[in-house]
Amino acid sequence: MNSTVSYSLRRRLVWLLTGAVAAIWLVSAWVVYQRAHHEADALLDSQLTQVAETLLAIVAGGEVEHFVKELHEHAGRNPVPIVFEIWHTDDGAMRRLVTSPSHAVFETGLPDGFSERPYQGARWRFYGLQDEDAEYRVVVAQAHDAREQLAREIGLSLLVPAALALPLMALAVWWVVGRSLRPVDAVAQQVGALDAQALAPLDESTPLPSEIAPLRSALNALIRRVAEAFDNERRFTADAAHELRTPLAALKVQAQVAQRAQTADSQQRALAQVIAGVDRMTHLVEQLLTLARVDPANQGSVPDPLDPAGTIAAVCAELLPQAQRQAQSLVVETAPGCRVAVTEAWLRIALRNLVDNALRYAGEGARIEVRLARSGPACTITVADDGPGVASDLRSQLSARFVRGEVEADGCGLGLSIVARIAALSHAQLELGDGLPRAEGGHGFAVSLRFGAAAGPA
Amino acid sequence: MRILLVEDDRMLGDGLQAGLTQAGYAVDWLRDGEAAVAALSTESFAAVVLDLGLPKRDGLSVLQWLRGRDDTTPVLILTARDQLEDKVRGLDLGADDYVLKPFDLDEIAARLRALVRRAHGRPQPLLSLGEIELDPAARSVTRAGLAVELTPREFDLLHLLLENGGRVLTRRVLEEQLYTWNDAVDSNALEVHIHHLRKKLGNELIRTVRGVGYMASAATTPT
Chain A
1 MNSTVSYSLR
11 RRLVWLLTGA
21 VAAIWLVSAW
31 VVYQRAHHEA
41 DALLDSQLTQ
51 VAETLLAIVA
61 GGEVEHFVKE
71 LHEHAGRNPV
81 PIVFEIWHTD
91 DGAMRRLVTS
101 PSHAVFETGL
111 PDGFSERPYQ
121 GARWRFYGLQ
131 DEDAEYRVVV
141 AQAHDAREQL
151 AREIGLSLLV
161 PAALALPLMA
171 LAVWWVVGRS
181 LRPVDAVAQQ
191 VGALDAQALA
201 PLDESTPLPS
211 EIAPLRSALN
221 ALIRRVAEAF
231 DNERRFTADA
241 AHELRTPLAA
251 LKVQAQVAQR
261 AQTADSQQRA
271 LAQVIAGVDR
281 MTHLVEQLLT
291 LARVDPANQG
301 SVPDPLDPAG
311 TIAAVCAELL
321 PQAQRQAQSL
331 VVETAPGCRV
341 AVTEAWLRIA
351 LRNLVDNALR
361 YAGEGARIEV
371 RLARSGPACT
381 ITVADDGPGV
391 ASDLRSQLSA
401 RFVRGEVEAD
411 GCGLGLSIVA
421 RIAALSHAQL
431 ELGDGLPRAE
441 GGHGFAVSLR
451 FGAAAGPA
Chain B
1 MRILLVEDDR
11 MLGDGLQAGL
21 TQAGYAVDWL
31 RDGEAAVAAL
41 STESFAAVVL
51 DLGLPKRDGL
61 SVLQWLRGRD
71 DTTPVLILTA
81 RDQLEDKVRG
91 LDLGADDYVL
101 KPFDLDEIAA
111 RLRALVRRAH
121 GRPQPLLSLG
131 EIELDPAARS
141 VTRAGLAVEL
151 TPREFDLLHL
161 LLENGGRVLT
171 RRVLEEQLYT
181 WNDAVDSNAL
191 EVHIHHLRKK
201 LGNELIRTVR
211 GVGYMASAAT
221 TPT
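Chains as they are written, first to last, in the working numbering: chain A, 1 to 458; chain B, 1 to 223.
These are computed hints drawn from the structure, not numbers from a lab.
We treat Cβ as the ideally placed atom computed from N, Cα and C, and that holds for glycine.
Be aware that a few hints might be false.
As the list claims (entries may be wrong) - Some chain B residues close to chain A (C-beta under 10 Å, calculated; not the full set):
| no. | residue |
| --- | --- |
| 1 | G19 |
| 2 | A23 |
| 3 | D82 |
| 4 | D92 |
| 5 | D96 |
| 6 | P102 |
| 7 | D104 |
| 8 | S140 |
| 9 | A144 |
| 10 | L146 |
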């Protein structure tokens, strides 16, 4: 698929595994060879020693002539021929007594024990031995090359089958790796068969190796998230259509009522409803646009911490006339020194919606308090009212889109969803709880935004 | 014709109530599912206009409850959801008709007329008895081909009696079908309307069944 960086895992595994095995094999082969060589040397040396000792014993026993004849007849059986000389001390002078057949004389004065020296233009290994009373002396020798060759042959005979096994092993690795990677192919096929319109998680019932299972789990987690986002968008479109249709229906019906009204009074009433309906649709469209605008893509970089007191004051000042029209009291209490990391425009939108909600739903003459409190590095903005409150089982649904409280008011049901979205994007906690105590008992409604410690200068 | 309207949207409910009243229906308007169930369990309506997204009790659940107790009151569903499955589900649960928001007031009125008509097993749109003919859509009445002027209440009363031709309707049923909860009803209002109808359409048309109620009768001219 991707020609620049694509590679076959299988090929790579086969090369790496075979290469590693071959390297290990080479090292061990070298060791085996060395050891085989050494063993062959030791073996040949002990043979030399043995021959020398036997010769000495035979010479001392006076059967030299017979032995030499025998030896001559059997010459060539030994893979590495041995040549020898036997010396005898006579009257204080050493002289050659016997030599092996077809023999060129050794140099004189060869030491006892092993030594290597040139002989007939090549290297030979010699062994000298004397009997106890220094009457006889035996020197045996073998051609170094022949010894070497024997040792090499022994070493190689061990290595050749192992070397032949290497390509077989590469084949086995190829097969095993291919077999082991088959689940990856299966997952790839499952992913390839996914329907983008109806994303469903991969079937997790088939067992996968523990190395690949996390990939499938991660894929499934991703699929679920994407599907959820998909669903969310689809639901939002459906909800938005629903929310637009009802006010549109109301507008049309009220306009038709106005058209057919038989009294001027009822006509005026219907027309007033039409105008209110247009205002309501405007509000709804604005809220929808706001919700669309509160998008992480529009946030830019991490916002600088700011003191929310100024924004609170500005928003409340803006909404004060509305509160006064409804005979509501709007009280602001702010603690100094708060810093919260939030985009100012978003904070303004969130506050506007919270205070606007309180004004809408708390009812005529209600008291609404906007408090900014600080505890340690955390700051909390609370908008509380002494309105009719919200039943606790309904609270959890309130921040869903298009859900309104039970109170009859002209909200479009988007305010708290907008606040919830801003809270989520600003890493603040949104809490719905009891508000101010009511004169007739019980509590109103309160919404708090809790901001954690803001980074940057306090 | 008394209609129960169940719609939580204040502005739409208000408009529908006003518009259907203009079209000659007596409209009672409720704003949540539980109130609708309470009203439907004690009173009878010619038809129910039911929104689906209702607080406290969903419209479909109200419908299910209604059909569960073998109540055949025609139900017209109002909905903003145009997904086929929503429609199918609504109809399968016993809805008689289905209107997508936004709609036309005339369409709702026409569909309601059709629903009421079908509920009475009547295929033709016009109601007739003897020489009296009533057109529910035009809200007009003729006697032997000549137009007769009726007040809206008289028209509704005649409509009810003709729709249930041959059956005795009790005072209570008639009042329930004619007046909404908001209407102030005089104790003898019904007698007054009956009196006027007899004056305009002939004495034989509406028979009084003593101690029970009234019925439309074709005794003079057999149909």
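Here's how the hints hold up against the structure:
{"no.": "1", "hint": "G19", "in the structure": "5 Å, holds"}
{"no.": "2", "hint": "A23", "in the structure": "9 Å, holds"}
{"no.": "3", "hint": "D82", "in the structure": "8 Å, holds"}
{"no.": "4", "hint": "D92", "in the structure": "20 Å, violated"}
{"no.": "5", "hint": "D96", "in the structure": "20 Å, violated"}
{"no.": "6", "hint": "P102", "in the structure": "4 Å, holds"}
{"no.": "7", "hint": "D104", "in the structure": "7 Å, holds"}
{"no.": "8", "hint": "S140", "in the structure": "17 Å, violated"}
{"no.": "9", "hint": "A144", "in the structure": "29 Å, violated"}
{"no.": "10", "hint": "L146", "in the structure": "25 Å, violated"}
Consistency note: the structure conflicts with the earlier hints numbered 4, 5, 8, 9, 10.
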